[in-house]
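Visitor: Two chains, two frames, some hints: make the complex.
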Amino acid sequence: SAVISQKPSRDICQRGTSLTIQCQVDSQVTMMFWYRQQPGQSLTLIATANQGSEATYESGFVIDKFPISRPNLTFSTLTVSNMSPEDSSIYLCSVEGTGANYEQYFGPGTRLTVT
Amino acid sequence: KQEVTQIPAALSVPEGENLVLNCSFTDSAIYNLQWFRQDPGKGLTSLLLIQSSQREQTSGRLNASLDKSSGRSTLYIAASQPGDSATYLCAVRGDYKLSFGAGTTVTVRA
Numbered sequence: 007s008a009v010i011s012q013k014p015s016r017d018i019c020q021r022g023t024s025l026t027i028q029c030q031v032d033s034q035v036t037m038m039f040w041y042r043q044q045p046g047q048s049l050t051l052i053a054t055a056n057q058g059s060e061a062t063y064e065s066g067f068v069i070d071k072f073p074i075s076r077p078n079l080t081f082s083t084l085t086v087s088n089m090s091p092e093d094s095s096i097y098l099c100s101v102e103g104t105g106a107n108y109e110q111y112f113g114p115g116t117r118l119t120v121t
Numbered sequence: 084k085q086e087v088t089q090i091p092a093a094l095s096v097p098e099g100e101n102l103v104l105n106c107s108f109t110d111s112a113i114y115n116l117q118w119f120r121q122d123p124g125k126g127l128t129s130l131l132l133i134q135s136s137q138r139e140q141t142s143g144r145l146n147a148s149l150d151k152s153s154g155r156s157t158l159y160i161a162a163s164q165p166g167d168s169a170t171y172l173c174a175v176r177g178d179y180k181l182s183f184g185a186g187t188t189v190t191v192r193a
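From first to last, the protein sequence lines are chains B and H. When we follow our numbering, the leftmost residue of the first sequence carries the number 7, and every step to the right adds one. When we follow our numbering, the leftmost residue of the second sequence carries the number 84, and every step to the right adds one.
A hint or two may mislead.
Said to hold, decoys possible - According to the in silico footprint, chain H covers these stretches of chain B (three or more CB under 8 Å from chain H):
no., segment
1, 65 to 79
2, 104 to 113
Claimed, not checked - Derived lysine-lysine pairs resembling DSS-like cross-links, with alpha carbons at most 27 Å apart:
no., chain 1, residue 1, chain 2, residue 2
3, H, Lys151, H, Lys180
4, B, Lys71, H, Lys125
5, H, Lys84, B, Lys13
6, B, Lys71, H, Lys151
7, H, Lys151, H, Lys84
8, H, Lys125, H, Lys180
9, B, Lys71, B, Lys13
10, H, Lys180, B, Lys13
11, H, Lys180, H, Lys84
12, H, Lys84, B, Lys71
Don't read these hints as lab results, they were simulated from the structure. The structure presented is a predicted model; accordingly, all values stated were derived computationally and were not measured. Cβ atoms here follow ideal geometry from the backbone N, Cα and C, with glycine treated the same way.
So that you can see chain H by itself, here it is in the shape it has in the complex (with noise of 0.2 Å):
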């Protein structure tokens, strides 16, 4: 069964400051790995999906990095704003379905 962890539970920085959020997952046969953004209550939004076959991803302020063989990923976001306060989560996709890990909150003081 393929546990997925995500290391800090929760960040808080001043802004302007860069983010650096952990993913780990324990079965590499994994298909491709995906960050999603959750403001409180609602829905989730995807950032980056990285393919198995990929080493990295980049949107923006976003960059997102893969290692399949050690089962890891990182998200970093560069130049945090206030409004990048929410919940990341990272997610695995195996043969059909995603596994979540628990998700890293993050707080940017203005």
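In isolation and in its complexed conformation, chain B is listed as follows (with noise of 0.2 Å):
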């Protein structure tokens, strides 16, 4: 398994600002995913972070509204830029484990209010 963690926990913002969550995970993992959860809605996936490359972005997301950086096997972080309302969401880390049989874990998420 794998343990992670994520910066910030919450917070509230005002728009036309960004936030950048951080996401730290126990070992070295090659993929890590950004998902986002608008409220009542289930998880979509934002984007693929793997170490040494650029990030690939799901239909609908792009770069510059949600830049990625991986510097590292166990480290990545996620902007919202420009922040609205809209972006109102739960934000969350996940990593693929190193079995065999690619068992997801996730962070606890980052609840961002945008006011």
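Guide: Below, the structure is given as structure tokens:
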């Protein structure tokens, strides 16, 4: 298994500002994922981040809005840029375990409210 | 595109009753299926993972079955307890990513 921590756990931000969310894993992992969970909705994948390469974004998500860094095998950041109230969501970091079954583990999430 | 559906959307049962949660998916070309639990405002906890070649997995009071050909999985929780109250999410893994259902919110009444 993998233990994942996220910072901050929650934040309230003004529209037009940016917030950077940090994700730290207790072991080296190849693939890290960033998800968004809007109020009352299920999870939607934003992007996949591999160390040493550009993040791969899902349809509907762009790098200018959600820039991602992956400087090493245990850490990643997601920035939510130029925020609007529609960005109010829980943002979750996820990793694949190192076992052959590709089990995914999730962090505790960052609850973002944009006013 | 993979579509994952969970029925029912919400469920309320008295303590001690068995729970049956359903998950269906449209594309049977999956690598595995995971069941997660999510408490309000929190992250996801992995409960069970079933590989595409498996029919079921068990962990304590939890049992999950998989019928890949018909695109269905069922999560059984035996002898429910108030602490089982949460949202349960089903997710299927395709080539590299998980596709999630909307979840079933369970309330177990003491």
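Visitor: It remains to establish, for every hint, whether it holds in the given structure.
Guide: Hint-by-hint comparison with the structure:
1. 65 to 79: violated (count 0)
2. 104 to 113: With 7 residues close enough to chain H, the hint holds.
3. H:Lys151 <-> H:Lys180: Distance of about 17 Å is within 27 Å: holds.
4. B:Lys71 <-> H:Lys125: Satisfied, since the Cα-Cα distance of roughly 24 Å is no more than 27 Å.
5. H:Lys84 <-> B:Lys13: violated (32 Å)
6. B:Lys71 <-> H:Lys151: Measuring from Cα to Cα gives roughly 37 Å; hence the hint is violated.
7. H:Lys151 <-> H:Lys84: holds (16 Å)
8. H:Lys125 <-> H:Lys180: holds (21 Å)
9. B:Lys71 <-> B:Lys13: Status holds; Cα separation ~19 Å.
10. H:Lys180 <-> B:Lys13: holds (24 Å)
11. H:Lys180 <-> H:Lys84: holds (12 Å)
12. H:Lys84 <-> B:Lys71: holds (24 Å)
Violated hints for the displayed structure, listed by number in ascending order: 1, 5, 6.
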